[in-house]
Amino acid sequence: MTEVASQDGKPRSVGVAGNRQQQFEALVRAHSGELYRYAYWLCGQDALAQDLVQETFLRAWRSLDALRDDIAAKAWLATILRREHARLYERKPMPTTDITDLELSDDTPGPEHRGEDAVLRAAIARLEPKYREPLVLQVLGGFSCAEVAAQLGISESAVMTQVFRARQKLRALLDGKEPEAELHGLP
Amino acid sequence: MDCLEFRRLLGSDPQVGDADARAHMATCSACAALAADAEAFEARLSAALAVPVPDGLAERILAARRSDVVEPFQPRRRLGWIALAAAASVLLAFGVVRYRQATSLRAMVAAHVTAPDEHDALAMVAPVPQAEVEHAFADRGVKLADVPPEVAYVSECPIGRWRSVHMVSAGTGGPVSVVYIVRDRAEKASGFHRAGLVAREVPMADGTLFMLAASDARFDALEHAWRNALEGLPRVASGAN
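Protein chains in written order, with the working numbering: chain A, 1 to 187; chain B, 188 to 428.
If you're looking for bench data, these hints aren't it; they were derived computationally from the structure.
Quick caveat: nothing in here was measured; it's all calculated off a predicted structure.
What follows is a set of in silico ranges between Cβ atoms, one per label pair, in the way DEER data are often shown:
{"no.": "1", "chain 1": "A", "residue 1": "Q22", "chain 2": "B", "residue 2": "E319", "range": "50 to 58 angstroms"}
{"no.": "2", "chain 1": "B", "residue 1": "R414", "chain 2": "A", "residue 2": "V119", "range": "48 to 56 angstroms"}
{"no.": "3", "chain 1": "B", "residue 1": "A237", "chain 2": "A", "residue 2": "P129", "range": "16 to 24 angstroms"}
{"no.": "4", "chain 1": "A", "residue 1": "Q22", "chain 2": "B", "residue 2": "S216", "range": "49 to 57 angstroms"}
{"no.": "5", "chain 1": "B", "residue 1": "R195", "chain 2": "A", "residue 2": "D175", "range": "16 to 24 angstroms"}
{"no.": "6", "chain 1": "A", "residue 1": "S63", "chain 2": "B", "residue 2": "A237", "range": "26 to 34 angstroms"}
{"no.": "7", "chain 1": "A", "residue 1": "A150", "chain 2": "B", "residue 2": "G243", "range": "27 to 35 angstroms"}
{"no.": "8", "chain 1": "B", "residue 1": "G360", "chain 2": "A", "residue 2": "G153", "range": "42 to 50 angstroms"}
{"no.": "9", "chain 1": "A", "residue 1": "D175", "chain 2": "B", "residue 2": "E192", "range": "18 to 26 angstroms"}
{"no.": "10", "chain 1": "B", "residue 1": "G360", "chain 2": "A", "residue 2": "A150", "range": "47 to 55 angstroms"}
{"no.": "11", "chain 1": "A", "residue 1": "D69", "chain 2": "B", "residue 2": "D242", "range": "25 to 33 angstroms"}
{"no.": "12", "chain 1": "A", "residue 1": "A158", "chain 2": "B", "residue 2": "G360", "range": "48 to 56 angstroms"}
Glycine included, each C-beta is placed from N, C-alpha and C at the ideal position.
Kindly produce the complete structure, drawing on both the sequences and the hints.
Pasting the structure below:
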């Protein structure tokens, strides 16, 4: 038996034989939104992000038998998406590597937050990919530094440094300050 | 834990609240204030990263999976097991390569026609001169027998490693993006969904014709017109690059 997440997020068990489609559908419903957001912050384009998610799931479908539990599924899908992005990126460079042109419609709840979110999104988009990607995996994906390290194939201490600096850079960009000025600003 | 350790931990993983960190916060009001500030910043960061997910994304993925079924390899007669394994390996490898190429080409065509710098093309309605369309195909080494009407945009776009002619067909019912991939012929016609669009790929002459739109209402007519245009005359112009 294999555990997968249902639409309400609770794990349920499905038989391996004959329920492949059911397992796949549960995976898509549970993870497509989160993967889309990850893809968007990787490539910066709505259409390409959707394609990346679609390609990720098509590849996941062909390797579904290798999946054993839903906890592993999230990291597994994120890894497939990263590879797919790298493969497409290799063939077709993005029009903007640092996604400085935000094309998203900002329909976050509450008009008072729109401007604020837009400013922060622009600052996130200005981060170098080496800072942005681990931050996205940590904050959006909920992965620990150790898990992010395993995803990216770097050391845990490197991840800790990168997400630390990412936050400092964001705060500095929002405050209009130089990032290094706040690095060790102890009172 | 001192202030420096606490603030490094706060910056690298603000959700971590281990005993050492809590003990430090209880004795250091400055760090406790920073922790409260970090918590507020994390909430703001989470909200900003949570960009809106397109409506119907999961349904489109499930529909795409249904239209992307790979037929399993089934040998029809008995062979020696070594010969069978060798044949299966070759066919499987060829099939996987073709399949990977096909899915990535679909993705790249869809990404190209929906890219922000191509949006203006979809708004064009005035037909371009037939000579421009013929010229674009001739540059790709393809001679047209005819030029279908209502081509409002034509461009010789590279799509990854593929050479293509990208067009927009204007008409009632909305624009249709038409992309002809030169010298890479799909094995069979098939429909698929990408980037919120319905799409069809059709092997035609030596290449593949892609049509992508909000609706497939005009696909049959366009397929017919482009088959006449592309297969009505000898396919490759002599001396073309």
